[in-house]
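The whole structure should be built from the sequences, with the hints applied where relevant.
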Amino acid sequence: MSPREELLSPRVRKILWGLFIVAVTLGLVWAYQRYVVGPHAPQYKWAREGKNYELLEPRTLGLLFVTPLLLFVLGRSLADLPWQQRVLAVLFRVAFVGLVALGLARLARTAETSKVATVFVIDVSDSVEDPSLEDARKVVESAIDARGKEDEVRLITFAKRPRLIPLEAAGGKPVVPPISELRHGTKQALEKLGVDKPGAGSDVQAAMQLAYGVFPPGFLKRMVVVTDGVETNGDLLAESNRARGFDVKVFTVPFRRPPPGEVALRSVQVPEKVDIGQPFDVVANVYSSRQTTARAQLYQGEALNGLDGVKDLELKPGENEVKFKSVVRVGGQVTYALKLGDIKDDKFSENNQYAVTVDVPGRPTVLYVEGQPQRATYLSGALTAQQFDVDVRTPSAFPSSVKELERYDFVVVSDVPREAFGEASQDLLERYVRDLGGGFLFAGGEAGYGLGGWAHTTMERILPVRMDAERKKEMPSVAMALVIDRSGSMTGLPMEMAKSACKATVTTLEGDDLIEIIAFDSTPIRYVKFQPARYRSRINNEIARVQPGGGTEIFPALDMAYQDISVVQARKKHVILLTDGRAPTQGLKDVVQAMIAESITLTTVGLGDGADHELLRMLADTGGGRYHAVPDPNSLPKIFTRETEMIARQAAVEEWFPVQVVTNVDFLKGMSMASAPLLHGYVATQMKETPAQLILASDNGEPILARWRVGLGYTLAWTSDVKNLWAVDWLRWSGFGKFWGQLVREHMRHKHRRELDMKTEVVGGRVHAVVDAFTVDERFDNEIESKLFVIGPEPGGERKEFPMKQTAPGRYEADFQLEKYGSFLLRAEHNKTTKKGETSNVGVSYGHVSNPYPREYASFEPDLERLSRAALAGGGKVDPEAKELFDPAGEKIVYFEQLWSRFIMAAIAMFLLDLLVRRIRIFDRKFVPKRRKHAAH
Amino acid sequence: MLFAGLPFATLLTIAAVAGGLTVVFYILKLRRRPVAVPYSRIWERILRDKEATSWWSRLKRLLSLLLQLALLSLLLLALGDPRIAGSLIQGRNVVVLVDASASMKATDVDPTRLEVAKREVKKLVRGLGGTDRMLIAQMDAAVMPLSTMTGEVSDLETAVDQLKATDTRADVKRGLRFALDSLRGLTKPEIVLVSDGAVGDPKELSAGLDFEGVETRYIPVGRSGKNVAISGFSVRRYPLDKARYEVMLEVANTNEEPVDVELTLIGDGQVVDVSRLSLQANERLPRFYKDLAGASRTLEAKIKLADGQNDALPADDHAFALMPERRRARVLVVTPGNTYLEATLLLDEYLDVTSVAPAKYPPSGNFDVTIFDGVAPPLAPNTGGSLYLNPPEEGSPVKLGRAMQEFGFDVWDKKHPIVRWMSMGDIQVAKGHSFKPEKEDKVVGASEAGPILVSGRRSGRKFVALGFDPRDSDFVLRVAWPLFVLNTINDFIEEDTSYVSSFFTGDVWHIPAPSGAEVASLKAPDGKIHSVPIKEGRAVYLGDQAGFYELLVKTEPEPTTSMFAANLSNLDESKIKPAESLELGGKPALLPSGFDPGMRKEIWLYLLIAALIVSSIEWFTYHRRITV
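Quick note, the sequences are listed as chains A and B, same order. Residue numbers for the first sequence follow my numbering, beginning at 1 and rising by one. Residue numbers for the second sequence follow my numbering, beginning at 1001 and rising by one.
Keep in mind that the hints were calculated from the coordinates and are not lab data.
If we take Cβ atoms under 8 Å as the criterion, some of the chain B residues that face chain A in the derived model are: (1) A1018; (2) L1071; (3) A1078; (4) D1155; (5) G1232; (6) P1286; (7) V1508; (8) V1532; (9) L1605; (10) L1608; (11) A1611; (12) S1615.
Only a predicted model underlies this, so the values are computations on that prediction, with no experimental measurement involved. Glycine included, each C-beta is placed from N, C-alpha and C at the ideal position.
Here's what the structure looks like:
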């Protein structure tokens, strides 16, 4: 029995051993919790001798929990080993487990290497020709030859999308596949990627991003971009700069072969603003890589361009400008498509057509309301020749709603009497001008202004002139003779109304005006001799005396009136003849001619069906007056009043006079008003106060043309007429059409109050549209809700809507991808919501963009500057030597080296030691002699 | 089967030595301890029995040896790092796109969405099958693969650790396109999108992409959180009164319930305004600060919830803008003497004018604009933009056309900044030349006989050329003349209203830089300095951090510094409510399957674990005398 065996009983030993195992277990649990999994566990990272070490999986140290089991088994060991060896064995075994656990915990440390991996990124887009690709293959092959033993080479080709090309090894050396395999578009799957062929684009940025993912870890990274530098998507410069941030050195190799025989339409431009009927140039920019010929056909819509449809081009190398004359006859969206054909030397057909669409505003429409429609042809013809659509209507056909009126850009009301143009129509006109910004011209004539009874009406309110023109003092008075039929047929109401008309005439006349009233049947009787109208009561009494009599003889009565009036002094002399029957006509014409020769005018009134209307009309025409056919006697006073107003108030000034320009307004530019013929009359009016603006005046300074703003629009007053009465000479004037055309154009309604400029650009098929909105005082116009409509490709393309977001004060932007090729129209609508929640339009913007074909087919010459800058940004150089690509140039790359295998080797050593102490008795070897000695005693 | 560990020869050596030693240890007989027993007969019988079963004894010994050798073999095999050859079994090829856009900085999950995403990806990495390969790419406005397509778990885990959220939007379409490119031609392709689904219009995601044969998976990250954002912040100079500015600030509430926010405006680091705003559910509230003429150069806006709580995404609570500096433009006039020109240049107090006679050109100093009056000497580098008045044939940037007499402006580009709001139609010119502009030049004004006012660029530098001496016309007597000269100078120094103060993160920025230089230094908000290339007078950079940047270009005699601001300003990113499901390629993207996190693909791990088990068995059997 050993001394220990003697000291402790087996039971106590077992308990102690058990306690020891529990203590070890608890210690391990605490340590694991504290140092491995607990919240305060240290990061197993440390640096030593400049190298960083890290335990990647410290949790596996938990394998040491097997230790208590080892101890437990040891406690129940039947093995015949000295206790020292048992202790050693368990220590070695625990160490073994610990080392394996450490191995599993994967200790790693940083290590350095200067191996180089070079990724070639080769442009195989359609713009790159096979010989250039062969050059690129050679670049890769020479790099493969020049690489070091441990260096790596990878290959990516790109066009629209990038692709990793596996380099199969033959005899330990990577082999670059033939060109046919480098190109994209050979596999059907690629075709599905988009509407284009896979080769119809160059996205070098995507290729470089793909390349980052093929660098093996632990290598210095080099990238060689072999391209023509023409990019359709992405940004080589930005990505090269970014690559440098990821420790990738970028080299560039431009394709240097001359471009293939190629003709490409680079652009087709039309002026920003095209007016109907105005010729303009369509300018095409044609690139040709060589001297060649081609035939260009320009289509306007579906048809060949009328003015200049086909041109045979002699193209010189480089850019060629080709101009086509064109004109648009019908407004709307007009698409110009230029097509090149019969090209001698051309590789791609995609770039031989180009379409551009322009929105040509339709002709402005003028509503022309004419009191004498039969005389409307003069002005309407002139305006039509000036590219206006003219809608001639009678006053009764005037639109009944603002909506209907809104269709028109300008309204002319000419020579319309007040009674033919209701209050409602006048109100509509006012709203049209004030709220819709319409333009309105009121033209004179015999029924214009005061003559038409327009004084004190809405019309007068909205016009820049007053109609209560006071007679000028120096003007002589009026002499008026009323020649009234008192034949038997006039008995009753006609006679009474005729008398009322005479009385009304007297009332209307100024006091100094002279009046004579002759009533006639077979013979004329002077009821009122020429006398001033101020003796109204006396005259009225005389009128009351008139009684119906017998037959009808006009001539003696008219002759009497002529004789009487010719001897009185008056500036205006006028005779009104009223009759309801037929009479001998002999001598009538002569007397009327004699009258007109003395500037005595005659107006005739035919009452009822029995009147000789033809005769009366002829007399009125000859007499320079008007003829009124009056079916209803009740209207006689009104007619007489108007006639009297016209004459007595001196409203109409009938004399030849030149117009004088008072204000040189814009629409008179280019017009020589000095060469304008004389006008033959106008209606006298007076200018209102400023801001009413007098533009043209008569020789004595009275308004001929005046304008002012009413709300959003303009009203203009033209006090002469637009027909063959007062403006008869103007109709023959060469400037007549231009004058009215320019006048209408300047004042017509601009359907959209405000047009905001829109700037657009297309990059890689993506449209970026920017609208800047300023208020009238050049501040920023904010909080506009803008929508952008994209219509296309024209003709007949679909319409899509995109929001325009406000990105800065007064700035609104939209950004979207065009899914198709062609020409697109852009229209932005700008609305604002008022405080009441109503939405109102505050402007529109127009634009057009062309995305005629993939930009891949637009350029064929390398962009050397871009490639040189990219190499500079990427830390590399242009056209590097093959050796330079694998030269670490002193660079080293740090990578993680796994050290677990070293622990496993140590574990093997521990295993052997463990085996050693269990197979060979190291301690207690002398036990036999001891025993013997003990036995001897 | 491949061996990627120690070389075979080394393994053999270790096997020979260790195996040899093991066998030797077993050949050596362990000396037994003699034990004296009193009843030898009994023990004799026992010993006799034992001798009868000595074959059993030998077997136990042999078993022990075999166990040891098995243990050794397992260790040696583990050292060899065996791999299953990819060609034997076609595994999956997985591209994991990890959204690292600004919304992934949201803290609605602990600690952030990106960290949760990383955990999810690590689970996938650890669950890779033996022949599976994976590529991990960071996806924000750009795509950045962080690993190769590899089965190396450690490489993939390192890649996951490199994921870092940026201040940009997520361009998922670009990411998907990249993933499809990377998977082209590979077996069992699979895309795993790890994102919060704040990806803008989901319908647009798959348009134009071909997902045929590609499995698509989606791991949603994030719960939902309260977020308010500054969705727009910019400063702009008024077009007429250029000394004044207007600031636009847009605050958005992306929640379904109203919130109150506190808005702080900071100018040059000092708080200048604090206000409280109430925002309705999903409301965007633009605010405009008009007529600012401050001394502040940098402007910052910060918002926070008024109730003191933190919102889930701090990244969009801070925006930056820079007041466009009205700096004094340095103008050089090369003229033998021109009163009209000199008088015009007195009109703008922000001009530093230097006049030299043509013979003394170039003088020392740097100029933003040079006006050449009737001369066109070779350009010195310090010239800046150049305005040519009646340039001679030699040296003119635009070829001269024919000589003309008695002409005027028949057409002019009314929208062009140098003649905007001007009436040119009434200018009468006695004599001059037309120009023959190049393709990229812009004809600003022309008479019937040809262009007479042309603008463009030569070697990256702007120029404007006028085809007649203004003194040979009544131009100098009109209001249009000083406007023309001052507009041209403004156009050169880009103090135009088209200038908007900030860039958006994730875009490729084209930052105005002095022409002539090839590279510039860009100091990012984090203080790092990047070298950026300059092309056509613009520094090109893809920026992904919001904040103030400083661009430094080496020019003579002193470097030119300019500042600008960059913002996220993307409402889609600020709408952080995660999408629970996504449709990719016309079908719903399900959660990933077939990734068993319990299984690691490194065989050596299993070999070592087996070795440990064998070692434990051996320990037990040895001590219980089952093996000896």
